[in-house]
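Using the hints, position chain B against chain A.
From first to last, the protein sequence lines stand for chains A and B.
Just so you know, we're using the numbering used here here: the first sequence kicks off at 539 and counts up by one.
Just so you know, we're using the numbering used here here: the second sequence kicks off at 6 and counts up by one.
These are computed hints drawn from the structure, not numbers from a lab.
Don't be surprised by glycine CBs; every beta carbon is placed ideally from N, CA and C.
Certain hints may be false.
[As the list claims (entries may be wrong)] Here are some chain B residues pointing at chain A (derived, C-beta under 7 Å): (1) Met6; (2) Ala10; (3) Ala14; (4) Ile15; (5) Gln117; (6) Leu205; (7) Val212; (8) Val253.
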Amino acid sequence: MTLRLRWSSLSLPLLLLLWGWVMVWSTASGRLDLLLRSVYHPIVAVGGGLLILIGLLQLRLLLRRKRAGQASQTLPRGWWLTALVALAIIVFPPQPSFNDLASSRPSSLPEAPRLAFVLPPEQRTLTEWVRLLRTQPDPSLHAGAPVSISGFVLKRPGEPAQLARLMVRCCLADATPSGLPVLWPEGFDPKPDTWLDVKGKMVTQEHDGALRNVLEPSSLKVIPRPERPLEP
Amino acid sequence: MARLATAWAIFQGLLLESLPFLLLGVTIAALARWLVPQAAWVRRLPRHPLLAPVVGALLGFALPACECGNVPVARRLLASGAPLGTGFGFLFAAPVLNPIVLASTWAAFPDQPWLLFARPLGAFVIAIALSALLGLMGERALLEPALLEERRLTQPLAEVGLLERGSGVLGAAPIPISPRPSSQSISLSDVLLHSGREFLGLLVLLVLGCALAAAVQSWLPRAWLLAVGSAPTLSVLALMLLALVVSVCSSVDAFLALGFAAQVTPGALLAFLLLGPVVDLKLAGLFTVLLRPKAIAVTALAASLLVLLIGQWVNLVQL
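Okay, chain B solo, but in the shape it has when bound:
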């Protein structure tokens, strides 16, 4: 019973801490929708496989929030027709490449300047690699159906046919489509309605993610994860697992890492700081508004593999 009460408290802590950041992300997405409804600039972003994710990652400096807030903004970018690479670059790298996260990393590890360079660099590498990998799957297999429909409405007919837009398929069930960008500005009430629905939709997934993270945290002793701290490979794997389970925001994970920095290898420390902002239990639900389940699985596996390799390489160099 005590454990259940503790899990309930952890759940509340995680949820209430994440909600303002989720709201911030939805608000920025709503403002972007209201102020630049056509978002033509989004579709003019570079499509180069290397340049697109780099530009997306750099957009993170405009949104000083953690990964929860990034999901609605990344969804808005993709729905507005942004190149896939830019959307994914933003989604995966921006939680690290923003002023607050870099400042907190510096504040937590002032005596380890290598971490201040390795963390953003690693985030860039992961974002570029994941964008390239996911790009191979094709939009239809990659994007969540409602997002795909919304995205195709913004693409020129030269690229997407009428049938592919899904707006006139005979015999098919009507597909609920969000208000499309038009030449006229969108009214405030429409923006409010849409962002309110988006917030509640994401909140459902955030609730599920926080419940999962709280349950795993309460019934999986953290000491087990840290018991292998000094073994090069095992420590990287253990800290990756810890990042998945703990699910704290990227804006504070450096301070959490500080707590066990002396007990683990440098590669494991970097692995913790790189993987958490890309994949964790709390994000598992939120990603379903962007990606199909298969794409989420590919993302999680590929990100884990990349982080493991980076962590191993750092251990090899530093040990």
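Next comes chain A alone, as it looks inside the complex:
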């Protein structure tokens, strides 16, 4: 009985320590790069550090005052749920399918480009290209421009595959895709979620009765998912 009571009183600081550890570890291990916009990473780390501090303080107070036996309240069941979730977060890392996520969401209209105009074409990222093409809708302006970008293959049902990136304002919950149409080489079957490094040039193509820019690759290389795959 004493052991159960002691455990129930210790559970509070231990759970706070566990959640603090989850937050700090998620930041330090780079997992947050897959989940949140980078501006939030320090906030999560500081929150985790604060939780660890509170947990340690509680543990110290508990041990110093020998109050372990006084806490006769039973452990709320929900607390066990939070412990299981914390352990599951540690054991099962996030492995989102960007293709799956992007397929169910319409492309957003990103804000006007800032650096995209002054950057040489081959230094523009995929997102900067998408922004540029939407604010400068004359396709002939960019025809022949060299392109060197990376992204994942986005294959929406009933549409040709695109090269895409996910943009987040906050976390994966609000991620929206920005994609570029690609003239895939004959016989090349782009697999959804595959990350590709593509070099080539921008060309024009007629689509639904209007001209649009399309990326024509000269080289395609499969690459691992970047460490920071989300773009602001």
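Relative to the frame of chain A, chain B by itself:
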């Protein structure tokens, strides 16, 4: 399987992003409890049906956090005996009326100054209307039982009888009551213990809310919601549904709204920015520490109706 993995990642993203704000809210509530245990000033706040929610809403400037962090602070306000209107005014309007949210709205829509005025104004209107409506239900039907018990301990016996306090009912099961405010200051260990329990209690509900939001997001294509963007009424309804489902914090929802601002009507855009901070799937669990289920349902319905009317009116004026 891929969808499940994606839902798990969305869940983790939502939860880890919300946790620091929840902790901030619990910390502020704990500090308030420790530094001003009697919280006499809280009970001196105006009780006027119009003034009380306005004062509560303005308190939001003291807590630059999103709606997750507001719940524990609103609970502490109500438990300390604050007028209902002030508590609800804070709960419903403060997630919009705080410097960070107003700044992010301005940053996201610098070319639409009307939104910078319409959003806080709409939040005020909703907070006042909801406070008035919920006030009609009476505390007993409105507040969650444990909160009601704690609140009654702070009220003078002239207003609440001994039996109503629930502390001496013969034959009734003992009710666990949180440490009551006393004339002596509360020790740090008590504050730490209480805030730790409060944090974990809210965390359980936040976990459930995030799981629900992640599941709905993963299995409900967002394109369906935005497909009706140009229809005045349907677009407002669609964006309201989107706000309920997405459950992002009010401090960043303006940037999310920016992504589809060009595809929807102005009224729908405002509806998205007004409803999310008051009601969403992530908050559904957290509200249970404050309100009874019936009161939560009334809040959700009334807020949705008000936001729909505001959105419609904006469309009528702007279109």
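So, going through the hints one by one against the coordinates:
| no. | hint | result |
| --- | --- | --- |
| 1 | Met6 | 9 Å, violated |
| 2 | Ala10 | 5 Å, holds |
| 3 | Ala14 | 4 Å, holds |
| 4 | Ile15 | 5 Å, holds |
| 5 | Gln117 | 13 Å, violated |
| 6 | Leu205 | 5 Å, holds |
| 7 | Val212 | 5 Å, holds |
| 8 | Val253 | 5 Å, holds |
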